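Trainee: Sequence:
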Amino acid sequence: MPLYTKKSIIQSVISTILLNGVLPFVVYIILKSYYSNLFSLIIATIIPLLDIIYGFCKNRKIDVFNCFMLVGFLLGIIALLFGGNEKIILLRESFVTGIMGMLFLLSLFLQKPLIYYFAKRFTTNDYERFWDYDYFRFVIRFITIVWGISLLLEAMIKAYLVFSLSTTAFLAVSPIIFYGILAVVILWTIYYRRYSKHKLDQIIH
Numbered sequence: 509m510p511l512y513t514k515k516s517i518i519q520s521v522i523s524t525i526l527l528n529g530v531l532p533f534v535v536y537i538i539l540k541s542y543y544s545n546l547f548s549l550i551i552a553t554i555i556p557l558l559d560i561i562y563g564f565c566k567n568r569k570i571d572v573f574n575c576f577m578l579v580g581f582l583l584g585i586i587a588l589l590f591g592g593n594e595k596i597i598l599l600r601e602s603f604v605t606g607i608m609g610m611l612f613l614l615s616l617f618l619q620k621p622l623i624y625y626f627a628k629r630f631t632t633n634d635y636e637r638f639w640d641y642d643y644f645r646f647v648i649r650f651i652t653i654v655w656g657i658s659l660l661l662e663a664m665i666k667a668y669l670v671f672s673l674s675t676t677a678f679l680a681v682s683p684i685i686f687y688g689i690l691a692v693v694i695l696w697t698i699y700y701r702r703y704s705k706h707k708l709d710q711i712i713h
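In this text, residue positions in the sequence shown follow the numbering used here: the first is 509, and each later residue adds one.
These aren't lab readings, by the way, just hints derived from the structure by calculation.
It should be emphasised that the depicted structure is a prediction, and the values quoted were computed from it without experimental measurement.
Hints should not be assumed to be uniformly reliable.
[Claimed, not checked] Here are the simulated lysine to aspartate or glutamate pairs, EDC-like style, with alpha carbons at most 20 Å apart:
| id | residue 1 | residue 2 |
| --- | --- | --- |
| 1 | K705 | D642 |
| 2 | K620 | E636 |
| 3 | K620 | D640 |
| 4 | K707 | D640 |
| 5 | K705 | D640 |
| 6 | K707 | E594 |
| 7 | K566 | E636 |
| 8 | K620 | D642 |
| 9 | K707 | D642 |
| 10 | K705 | E636 |
[Claimed, not checked] Cβ pair distances, simulated, as ranges:
| id | residue 1 | residue 2 | range |
| --- | --- | --- | --- |
| 11 | L669 | R645 | 15 to 21 Å |
| 12 | L673 | S523 | 23 to 29 Å |
| 13 | C565 | R649 | 35 to 41 Å |
| 14 | S544 | V692 | 32 to 38 Å |
| 15 | K566 | S674 | 31 to 37 Å |
| 16 | E636 | F564 | 25 to 31 Å |
| 17 | F646 | I537 | 46 to 52 Å |
| 18 | F671 | I712 | 25 to 31 Å |
| 19 | K566 | F626 | 17 to 23 Å |
For glycine and all other residues, C-beta sits at the position ideal for the given N, C-alpha and C.
Turn these sequences into a full structure, and let the hints guide you.
Mentor: Right, dumping it as structure tokens:
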């Protein structure tokens, strides 16, 4: 299991924002002076796709979120071929986060929600043993609800803005909305996890 330091996490976040937010916006602004808005937008949205492909080739493993992003991009291209417009391309991210949000919420009807498997994969704690405790099950389900609602909220906000803003304005604010909501939810998850871990330790001991 790789060891993630605070510095490496910050570097990863910055590079992700630059590659998936700032660079596509700059490319779109430059290209639209010479080409159509639609062509410029397609080229700009290919940049995050290349980042996904690079990440797969580097790590040699499939990331669920990136798979959704790839599917969203391909569906956008297919829709364009059948007479869609640039709004379809802009909606692809809302499609991805919306589907993920619904999957989180639907997983609440399963024996163990999605957050349980994500947490089990990225931590070394004995989650199988903890699952026997009612409070631990409540915490996992509550975190799943928060993530599901947050992703759906992000999708709805951006879907509304797609039809309310110009393409240029949307590309400028879209990364702010996505990474802003993501940062808030991640920070909340970190602090809530610390709080719940302390309470769980008291219950166990």
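Trainee: Now, for every hint given, state plainly whether the structure supports it.
Mentor: Going through the hints against the structure:
1. K705 / D642: Answer holds: K705 to D642 is near 13 Å, not above 20 Å.
2. K620 / E636: Holds - the C-alpha atoms of E636 and K620 are around 11 Å apart, at most 20 Å.
3. K620 / D640: 12 Å, holds
4. K707 / D640: 15 Å, holds
5. K705 / D640: 15 Å, holds
6. K707 / E594: With a Cα-Cα distance of about 50 Å, the restraint between K707 and E594 is violated, given a limit of 20 Å.
7. K566 / E636: The given pair, whose Cα atoms are some 31 Å apart, is violated under the 20 Å limit.
8. K620 / D642: Given that 20 Å is the threshold and the Cα spacing comes to 13 Å, the pair holds.
9. K707 / D642: With a Cα-Cα distance of about 12 Å, the restraint between K707 and D642 holds, given a limit of 20 Å.
10. K705 / E636: 15 Å, holds
11. L669 / R645: 15 to 21 Å: At roughly 37 Å between Cβ atoms, R645 and L669 fall outside 15 to 21 Å, so the hint is violated.
12. L673 / S523: 23 to 29 Å: 26 Å, holds
13. C565 / R649: 35 to 41 Å: Check passed, 36 Å falls within 35 to 41 Å.
14. S544 / V692: 32 to 38 Å: 36 Å, holds
15. K566 / S674: 31 to 37 Å: 35 Å, holds
16. E636 / F564: 25 to 31 Å: 30 Å, holds
17. F646 / I537: 46 to 52 Å: The hint (46 to 52 Å, Cβ to Cβ) holds, given that F646 and I537 are roughly 48 Å apart.
18. F671 / I712: 25 to 31 Å: 51 Å, violated
19. K566 / F626: 17 to 23 Å: Distance hint for K566, F626 holds at roughly 21 Å.
Hints 6, 7, 11, 18 from the earlier list are contradicted by this structure; the remaining hints agree with it.
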